[in-house]
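Q: Mind docking chain D on chain S? Use the hints.
The chain contents come next:
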Amino acid sequence: MHDLLLAALAFVAAGTGAVGGLGGAVLLVPVLVITGTSPVDAAPLGLLSVAAGSLAASGHEMAQGVIHHRLGITTELAASAGAFAGALVSGAVGEDVLARVLAAAAIVAAVAGGRRKGVRNLPDATFSGDAPGEWPGTLAGAYRLGEAVVPYQARRLGLGLAAMGGAGAVAGLSGVGGGFLKTPAMAEIMRVPVKVAAATTTFTVGITAASGLIVYATQGRIDAKAGAAVVAGGLVGGRVGARVQEHLQPQLVRRVLSVVLVAIGGILLVTG
Amino acid sequence: MIPFENPRHGLVRRWSAWLERAAVGAFVLAAAAVAVPGDVGEALAVALVALLVATPLVRVALAAVRFSRIGDRRYALVATALLVIVAAGSAVAVVRG
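From first to last, the protein sequence lines stand for chains S and D. Numbering-wise, my numbering comes out as the position in the first sequence, counting from 1, plus 231. Numbering-wise, my numbering comes out as the position in the second sequence, counting from 1, plus 728.
Bound-form chain S, shown alone (with noise of 0.2 angstroms):
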């Protein structure tokens, strides 16, 4: 596939991952297969992309006070664990049974985020005072929406721990980052803002990515070629998605995340 059109793939999929936390390889990487890369050759590729626009997009969303690391950290130990777990058993798992348990999942998660109305936290005078940024030694925090501070609290902490950990397994068990299956997690059943819950997702598919990338690397599969190009446009992508969600309304976020979330079900359920 010619260097241009990759990296053009990769700037739609890396961005729409930074804005809804999704992390993109979902995206890119059954697009890539039908368009002709085998699926061997894609799974690095969509690592790659979800790399970049991780990296891309941190930079700013730190300085906004979106990403909670300690959050971020804690439910990706329970991720990584369940990868783990999923990577050792994957062979005992068809792919057309895996490639439905995921479009099941993205398709629940559409539906919860999608069904919600309204904002769930709202605005505090008290922290209008305050810079956004994670409260030292918890899972709470405070961000910024237009000219008012939200606080927030991380909830079901065990609910959500178990979640990232399914997350987790199943994004071993198939090879991808499993964002979108993170930042619902983290927003519905964790009662997180989504906005926080998309930028901290964000940072935690960059280790993800990082680890998966580590073992296709030792097995020679990343075409480091064809990963640069995908690396540019993901890096590019990955800036204008954090730059586009911070002028979002979290409805409007949790829109895109679920339609975009459904046509993942659409597109998993018709290449798996």
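Derived from the structure by calculation, the hints contain no laboratory data. Quick reminder that beta carbons are idealized off the backbone N, C-alpha and C, glycines included. A couple of the hints might just be wrong.
Output of the computed footprint for chain S on chain D, the stretches with three or more beta carbons under 8 angstroms from beta carbons of chain S [as the list claims (entries may be wrong)]: (1) 741–752; (2) 781–788; (3) 813–823.
Here are the simulated distance ranges between beta carbons [as the list claims (entries may be wrong)]: (4) S:Gln480 with D:Arg824: 43 to 49 angstroms; (5) D:Leu739 with S:Gly377: 25 to 31 angstroms; (6) D:Arg742 with S:Glu477: 16 to 22 angstroms; (7) D:Val756 with S:His478: 23 to 29 angstroms; (8) S:Val332 with D:Arg801: 35 to 41 angstroms; (9) S:Thr449 with D:Leu790: 40 to 46 angstroms.
A: Here is chain D on its own, set in the frame of chain S:
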């Protein structure tokens, strides 16, 4: 008391500036890897992959150090455990081939 961290804090500003520089550096490497033919282009692409792998893992390591320094031992431990799991998982995957 653990000091409050927010984007106006100097450390957060420095980290986000370094991430921005890393992103720009990655883009330059990527563009050069695509444009330059042969072994040089290949080497640039390999350096690019190394940068993308190292950056998030270094972030987690720095977070562990930072959390430890400000007395946030619980999350310093969580960050360290995450690095151990990633290292162990990668090692097992590499050994299994």
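Q: Confirm or reject each hint.
A: A quick look at each hint next to the structure:
| no. | hint | result |
| --- | --- | --- |
| 1 | 741–752 | holds (count 9) |
| 2 | 781–788 | holds (count 7) |
| 3 | 813–823 | holds (count 8) |
| 4 | S:Gln480 with D:Arg824: 43 to 49 angstroms | holds, 46 angstroms |
| 5 | D:Leu739 with S:Gly377: 25 to 31 angstroms | holds, 26 angstroms |
| 6 | D:Arg742 with S:Glu477: 16 to 22 angstroms | holds, 21 angstroms |
| 7 | D:Val756 with S:His478: 23 to 29 angstroms | holds, 27 angstroms |
| 8 | S:Val332 with D:Arg801: 35 to 41 angstroms | holds, 38 angstroms |
| 9 | S:Thr449 with D:Leu790: 40 to 46 angstroms | violated, 25 angstroms |
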